[in-house]
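Asks: So you can see what is in the structure, the chains are spelled out below.
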Amino acid sequence: MRSEAAVRWLVLAGVVPGLLACELGETFVPPGQSFLLVHAVLHPVAFPVTGLPFLLERTWDGVRYVWQTGPPYSFGEPIVTGGGSPEIRATVEVTTPSGEVLRAAEPNATNPESCCAGMYFVPIAGSALVAGGTYELRIQTSSGEVLTARATMPAMPTVMVQPAGVFDRSRDTLRISWAPVAHAAAYELVISNPYRDVTAFTESSTVHLTGALRNTGAEGFPNAFLPGFEQRVSVYAVDSNYYDYYRSSNGGTGRGLVNRITGGLGVFGAKAPVLHRVVQVVAPFTRPVEGTYRYFGTVEDSIRTLITGLTLYIESPAAKTGVTEALSGAYRARPRALAPLFFDTAGAFLGRKWGDSLELAFLSQHRITDTMEVFKARVIGDTIVGRYRQRLGTWRFLKN
Amino acid sequence: MRMRRWLIDSITAFAIAIPTVSAGQTGAISGSVAQAASGAPLAGAAVVLAGTGRGALVDTLGRFTITDLRAQSHRVEVRRQGYEPQSRLVVVRAGETTFVSFALALSTQVLGAVRTEATAADRELFLTRPSLGTTSLNSRSVTAVPRLGEADIIRVIQLLPGVGARNDFSTGFNVHGGEADQNLILIDGYPIYNPFHLGGLFSTFMDATVRDVTLMTGAFPARYGGRLSSVLDVRSAAEGRPGLHGSAELSLLGSTAMLSAPISDRGSWLVAARRTYADQVVGAFSDEVLPYHFYDLHGHAAYRLPGDWWIALTGYGGNDVLDADLSEVDDDSVAATAAEGNLFFRWGNSVVGATLSKTITGGPGADSVVLVQRASGSAFTTDVDVGEGSASVRHTVVDRRLGGDLTVHTAAHEFATGYELSAYRLATEDGSPQAGIRGTYRRQRASAFALFADDLWRPSPGSRWLVEGGARLEGLSSRDGLSLAPRLSVKRFLRDDFSVSIAAGRFTQWTHTLSREDQPIRFFDVYALADSATPVATAWHFMAGVERWMGSTRQLRIDAFMKRYDGIQEFWLGENPFVNGDEFTPTTGASYGIDVLFRQYESPDRRLSGWITYNYAVASRKQDGERFAPAHDRRHNLNLVSTLRLGRYVIGARLGIASGTPYTEIISQYVRRRYDPINNRWENPGRPPNDVDYIGGTRNGARYPLTQRLDLSASREYRHGRATVRPYVSIVNAYNAHNVLVYQLDYGLVPPVRRTLSQFPFLPSAGVSVAF
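Taken in order, these protein sequences are the chains called A and B.
Numbered according to the working numbering, the first sequence spans residues 1 to 400.
Numbered according to the working numbering, the second sequence spans residues 1001 to 1772.
Bear in mind the hints are in silico, worked out from the structure with no lab data behind them.
Do not take every clue at face value.
[Stated by the list, open to error] In silico SDA-like pairs for lysine to any residue, Cα to Cα no more than 25 Å straight-line:
#1 A:Lys320 / A:Leu306
#2 B:Lys1622 / B:Asp1531
#3 A:Lys320 / B:Leu1125
#4 B:Lys1622 / A:Thr262
#5 A:Lys320 / B:Pro1535
#6 A:Lys320 / B:Gly1095
#7 B:Lys1622 / A:Gly51
#8 A:Lys320 / B:Asp1531
#9 B:Lys1358 / B:Asp1531
#10 B:Lys1622 / B:Pro1535
#11 B:Lys1622 / A:Arg255
#12 B:Lys1622 / A:Gly263
#13 A:Lys399 / A:Asn259
#14 B:Lys1358 / B:Pro1535
#15 A:Lys376 / A:Trp395
#16 A:Lys399 / A:Glu290
#17 A:Lys320 / B:His1720
#18 B:Lys1622 / A:Pro317
#19 A:Lys320 / B:Gln1280
#20 B:Lys1358 / B:Pro1727
#21 A:Lys320 / B:Thr1098
[Stated by the list, open to error] Quick look at which bits of chain B chain A covers, simulated, 3 or more residues with Cβ under 8 Å:
#22 1401-1414
#23 1429-1437
#24 1684-1693
#25 1752-1758
[Said to hold, decoys possible] Residues of chain B placed beyond 10 Å of chain A at every Cβ, according to the derived structure:
#26 Leu1343
#27 Ala1423
#28 Leu1494
#29 Pro1577
#30 Arg1699
For glycine and all other residues, C-beta sits at the position ideal for the given N, C-alpha and C.
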């Protein structure tokens, strides 16, 4: 939804250079420079024990690989597994409006092999944040570099949790409004999405979202709302630091970022939740293959099957023949004793269809990066017949 | 006092010179006036009937008509500054029009030993105006220059002295170190904004519709205003031959068609159209989709109304259109790129203008008075839409003008005074209609006025001095105060073929572009007006030059320039879309340099024509205390352009060698991380990370390497009856020089890698033009 992204896409897609420019090859260059980078956000979460996780790292300079190697992403190791070079052994302090100095804990300092390299947990309880208060960040590295910043906390209204509902993306419009929040520079709208969350800033206190909305921040501009998915729509009040950092960037020219960090770059900002709403996205069934299916088999197999039922949609029909179609939908999984830890009992899937062949990826946590299982099948009349990637056997689903 | 008295007498004479004899006892004189050497129309010459106070001014087609004359003999005198006058006794018969032709030779008082042969427009300028830094091109010389696809006026302009371009992909041009938005581009005197296609790869001007182009690279006269760097005046062609004529051109890019004809002996008209067809060809022969095209429409007409008023009309409309169904563009709509929406992009210009003019001739010591009244409307619109309203940008500029001037021609003076009233309406908005989110929302309305006076003075017919001085008084409703912009140019002929000139002037600009000057390709410009938050930009020009003609077709010119800028408005990268008034950051600057031009004009006895230019220019800017070189600062620029005519063959070549332009070196990269407040953790950025930003070093502290390019072309003319067929081939970058467009750095690799994107590679093209 960011217009600059749309325009940037045009430039980067490069009708002009794409038609005529050539790549003249690659050259090795000397290492660049490395700068201190901080990502720190004040937020009134109810996590008084763990505190707020701030990230401190070094920017890329070509001295080491940062994302090409290593383990998959881990929330407990966001910098090392997320394409960064952590800065450890730094002193991270936040001074509150009352003058109290809160020193962040660095779990990695006591146990370097455990986790959290570059993570510093500031012991701020959400209830302790002061609306309109100014917080000062000071970081000093082990080599003596100092980084400072200042952020103002927006007011923290009572979070509106609006009732969940069904959202038919073919005809519904989601109208959301809220009361203006003091000390907010802007509001951030976030729509959860399996590819990439849809985000946008607005200065007004009302939005209306149509089912045709596209995620212009994701490659290919997929639909923002996917039938079968449970998606959260949230609104946050953000301060100017947060707003300026995330609305600007340097881009390929190296200039343009609004950086409010002294001695480094990044963000020390604040965001307060205003509103949450969960919608179950649906769409009308318009094609024969769309519909609700249930597992069909022996009683013995019904105990072993992973998926017990699914609702299938053609998320994006093919624009021309010979092209695969995108699928989405919701699934129900067989309850297991350890299901809450290992398998969702209900969730969503994405997939593709070409001819009468299907491939479905059942997602965990509604994230495309976390696939629980893949199912390859064929459509035979009202039946979907196929095999799981990680399980033996052939499984059938019959349309209701 | 004498001039004013003459003016009153002239107007009075015109007012009372009403036909007092019956229609049946009158006739008319009609005819043509041309240059003796070349036969080219001698526009502006005065045709006077001795002793009557009646007369006419020769039009751009070289024609004149005087009606309601007594059926008797009349002595017809023809005069034009710089030419030997002629007179002839013409007999007028009742009820008939007597035709007479004149051919004037250049005045020996001016030329001395120099004799005329083929006379070019630039030679005309050399003899009759200070013209420092002014260059003219006609359509014929433009067509001969090698090019990609069709001939392009602005790409040839980039090869002239004092002019540079950022790279091969840009038809924007930088004059004497100025930004690309500092050039006033006119079509028949009406402004046109952003006349470029395909991100700047081509201009909107169709070669078949252009008669000539004049580029003033500095210190231009007071009748021009609103821009800091230059004036590019493009004039539409006018058909002077009897009968219907036309042309068509097919190139690899698109096709152009033009029709023109005179309107009896009272005027002419011209219409032309161009469209690219690559999208049609791709769709017809493959399953692929190329959802892009552009088109231009151009019309021009001139007509002599009763009472010897002339009306000229010009219309232009053109658009770039990208209309992509993303699911058609993708090979398959797999889950990761499921796409069904559209990407729509439209960007275009429209111009409509009308000019009414009349010449009043006769009077003691005066040739003529020319009255001109002009009205125009120009619009530039940009529409970008992603996902049917998921993200959209819309920008509109509407510029309406009313202007007029009065020019008095005497033996020693060409005094012009005039006015211009402008009304501007600018609108910019972006956001997401599908989400009900509005980002930038800016509306600006303003009006401006300008009064100018300008006098070109030659103290005596044989004087070796030419002085042009004037001033322009301007005001903008959205800013307080008035601005006075003086202009002065002085030329002294040291010899008949050798002159020295100096010029100075002050210039203002109140329309600014929100463009990222550091981006190598400008897709489209977004304009904003000066207002309470954004000042008017100003510049001072100082120029000096020498010019020598070796014969009438060979020219050497050396110009030096210095410019000082104040209040240039550069788009502030950190501007908040929700706030109006923070779009710009003020910048000051300066530039200086020298241009050398050696030019051989085409003539019947010379097969080889062309020019060599060398520019040395230094440009600097200062912003927030930081001094840097602007991205268009190109120190050395050498261009050799040649055309060889061998019978029916025309061979063209162009060699360009230039030093590199500055850029900001990328010195680091980083991942922009997003916080998940629901789970109090940091989100997976993806692998590879999907939001990686770049860190630049010293602003424009590095320079791209030298660029060089050789372009070649060849065409042959075939005649079939009335038709002339000219197939051509052209090769751009004939030896495939690797010229850098931009570097892409990847500091995520060990060692870091720099990828180079190139400018034009080796590019052959071919086409054919047919004219009848």
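Asks: Now tell me if each hint is right for this structure.
Replies: Right, here's what the structure says about each hint:
no.	hint	in the structure
1	A:Lys320 / A:Leu306	violated (34 Å)
2	B:Lys1622 / B:Asp1531	holds (22 Å)
3	A:Lys320 / B:Leu1125	violated (61 Å)
4	B:Lys1622 / A:Thr262	holds (23 Å)
5	A:Lys320 / B:Pro1535	violated (53 Å)
6	A:Lys320 / B:Gly1095	violated (73 Å)
7	B:Lys1622 / A:Gly51	violated (46 Å)
8	A:Lys320 / B:Asp1531	violated (51 Å)
9	B:Lys1358 / B:Asp1531	violated (38 Å)
10	B:Lys1622 / B:Pro1535	holds (16 Å)
11	B:Lys1622 / A:Arg255	holds (16 Å)
12	B:Lys1622 / A:Gly263	holds (24 Å)
13	A:Lys399 / A:Asn259	violated (55 Å)
14	B:Lys1358 / B:Pro1535	violated (38 Å)
15	A:Lys376 / A:Trp395	holds (10 Å)
16	A:Lys399 / A:Glu290	holds (9 Å)
17	A:Lys320 / B:His1720	violated (47 Å)
18	B:Lys1622 / A:Pro317	violated (54 Å)
19	A:Lys320 / B:Gln1280	holds (17 Å)
20	B:Lys1358 / B:Pro1727	violated (42 Å)
21	A:Lys320 / B:Thr1098	violated (70 Å)
22	1401-1414	violated (count 0)
23	1429-1437	holds (count 7)
24	1684-1693	holds (count 9)
25	1752-1758	holds (count 7)
26	Leu1343	violated (8 Å)
27	Ala1423	holds (28 Å)
28	Leu1494	holds (48 Å)
29	Pro1577	violated (8 Å)
30	Arg1699	violated (7 Å)
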